[in-house]
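**Student:** Below, each chain spelled out in residue letters.
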Amino acid sequence: MTRSPHRTRRTAGVGAVAAVLALSACSTSGSEPSPDSTGDGLTGTVTVFAAASLKESFTTLGERFEKEHPGTEVTFNFGGSDGLAAGIDSGAPADVFAAASAKTMKLVTDEGLTAGSPSTFVRNRLEIATVPGNPHAIDSLDDLTASGLKVVLCDETVPCGAAARTALTAGGVELEPVSYEQDVKSALTKVRLKEADAALVYRTDVRAAGDKVEGVEFPESAEAVNDYPIARLENAPNPSAAKAFVALVKSAEGQKVLGEAGFLKP
Amino acid sequence: MTTGREAPRKARPRAPGRGVPLALLAPALLGLAFLLVPLLALLLRAPWRDLPEQLTSPEVWEALRLSLLCATTATALSLVVGVPLAWLLARTDFPGRGLVRALVTLPLVLPPVVGGVALLLALGRNGVVGQWLDAWFGITLPFTTTGVVLAETFVAMPFLVISVEGTLRAADPRYEEAATTLGASRFTAFRRVTLPLIAPGIAAGAVLAWARALGEFGATITFAGNFPGRTQTMPLAVYLALQNDPAAAIALSLVLLAVSIAVLAGLRDRWMRTA
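So the protein sequences, as listed, match chains A and B.
The opening position of the first sequence corresponds to residue 7 in the working numbering, with each subsequent residue numbered one higher.
The opening position of the second sequence corresponds to residue 790 in the working numbering, with each subsequent residue numbered one higher.
Please note that the accuracy of each hint is not assured.
Claimed, not checked - Which residues of chain A face chain B? A few of them, derived with a C-beta cut under 8 Å, are:
#1 K156
#2 V158
#3 D161
#4 T163
#5 V184
#6 S185
#7 Y186
#8 Q188
#9 L199
#10 K200
#11 E201
What the hints assert, rightly or not - Some residues of chain A that are not near chain B, with every Cβ distance over 12 Å (derived):
#12 D46
#13 G85
#14 A108
#15 S125
#16 R213
Stated by the list, open to error - The calculated label-pair distances, taken between Cβ atoms and stated as ranges, are:
#17 B:L910 <-> A:S146: 25 to 35 Å
#18 A:K112 <-> B:L844: 31 to 41 Å
#19 B:T845 <-> A:G178: 27 to 37 Å
No wet-lab data here; the hints were simulated from the structure.
Just so it is clear, the structure is predicted and the values come from calculations on it, not from any experiment.
Glycine included, every Cβ here is placed at the ideal spot set by N, Cα and C.
Take the sequences, apply the hints, and build the full model.
**Tutor:** Take a look at the structure:
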């Protein structure tokens, strides 16, 4: 029973290794000879494995990093935290890992592959996403149980569904959704298309959807907060640049970018 | 689509080994291995010991029942409107027929998820047609079993139409013409002459459509969502089980594989040999 997932992960890992090797092979040769004008000795490529939900904010931070440290280049591998952790465990040459949950980071720390212990740099919590204008006047989790209201949740096999289950249990709310969606983006899409009246999704997803949905905060979400840990990796090909990137993410500047995307301070 | 007409060819004597050029044999065997190895892997890695436990859960049977029900209803629906559509394409001439034919085959090449989004935009609560269904009759289709049937019909019907149209084109139209000259109306000729003539093609098309409907995932989860007992068909159950319980996913896949093989084998013996 435990063999098959292991196998799948290995295969994914090999793919990731190949991809990263190919990427670093192209970029290092181009960026290494450039002068290091800031004098901090940072040069070359930093490879960052990060959870998909960090895509927008980390891309912005990567551009800033390259500007602040000329001669460096930040390469990202965004994806599901599970798959990224599996890639690192099977030897992908990454410098930094930022995961969407403590559980997935643990997969890497258990193998002793992080340099030092990971630290939480942001948190994400659930919000109720409603159609614009909130026509059903949804103010709380309890309001979601109103008859005739179509609510979608993430399936409990994916993190947002597990968080939703925790929050609903904490609030003692018995909710029958019309659908358990396969990921958070599909749940959000059903509300964006007005097929569902509400969904439980992450705050950052509500923010990213702009005026297509309206977010409603609810107190029970405090019971189901996701911590995002970040760590330098033990076998980082570029340890000094990795350290500098982690520092930027945790700096006031980094926290500002992440805060604008809807992430909460740790 | 050509399964019906291939059957008699099987009877022809073959000389295995001798006379088969290596340049053809090698890629042929590679192709065969490529198709069979994944299925073998499924059998090799199957959690045989836990299988009874995995398969006796009510969720599995609920998903299987729903899958069979929806795929069969979708096939019936495809037959009712698909056979006349195939007849229209094969036996009549109207401006833009080539374009219509191309549009009918579009769902064959369209990614099913795109089909699901298109269905939402057309038949969703807020969709082009769906908003009137909701306003006039109070009918909403997403998140319902009817929604599953419609999503499956959308992706499966083109298989039937193409198959039946091909058979119609191959069938000699003079039988129908003879019937009409003898006084039968065009509809009677269709019903009494054409339909029996093309029955094997219809059967082959129906099997293809049924198999496609049974395996349908993308359009279903996009249009109808996922709720156990209502819209969670076997492929959806397999996909979601894969996220945290691969053993359960393999067990579910085996059931689906067994059902597909049983039905295809059964129908092949019954209908297609007579082609």
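**Student:** All hints are to be evaluated individually against the structure, with a verdict given for each.
**Tutor:** These are the hints, each one checked on the structure:
{"no.": "1", "hint": "K156", "in the structure": "holds (7 Å)"}
{"no.": "2", "hint": "V158", "in the structure": "holds (7 Å)"}
{"no.": "3", "hint": "D161", "in the structure": "holds (5 Å)"}
{"no.": "4", "hint": "T163", "in the structure": "holds (4 Å)"}
{"no.": "5", "hint": "V184", "in the structure": "holds (4 Å)"}
{"no.": "6", "hint": "S185", "in the structure": "holds (3 Å)"}
{"no.": "7", "hint": "Y186", "in the structure": "holds (5 Å)"}
{"no.": "8", "hint": "Q188", "in the structure": "holds (6 Å)"}
{"no.": "9", "hint": "L199", "in the structure": "holds (6 Å)"}
{"no.": "10", "hint": "K200", "in the structure": "holds (4 Å)"}
{"no.": "11", "hint": "E201", "in the structure": "holds (5 Å)"}
{"no.": "12", "hint": "D46", "in the structure": "holds (43 Å)"}
{"no.": "13", "hint": "G85", "in the structure": "holds (14 Å)"}
{"no.": "14", "hint": "A108", "in the structure": "holds (17 Å)"}
{"no.": "15", "hint": "S125", "in the structure": "holds (27 Å)"}
{"no.": "16", "hint": "R213", "in the structure": "holds (23 Å)"}
{"no.": "17", "hint": "B:L910 <-> A:S146: 25 to 35 Å", "in the structure": "holds (32 Å)"}
{"no.": "18", "hint": "A:K112 <-> B:L844: 31 to 41 Å", "in the structure": "holds (33 Å)"}
{"no.": "19", "hint": "B:T845 <-> A:G178: 27 to 37 Å", "in the structure": "holds (32 Å)"}
Every hint, counting from the list given before, is met by this structure.
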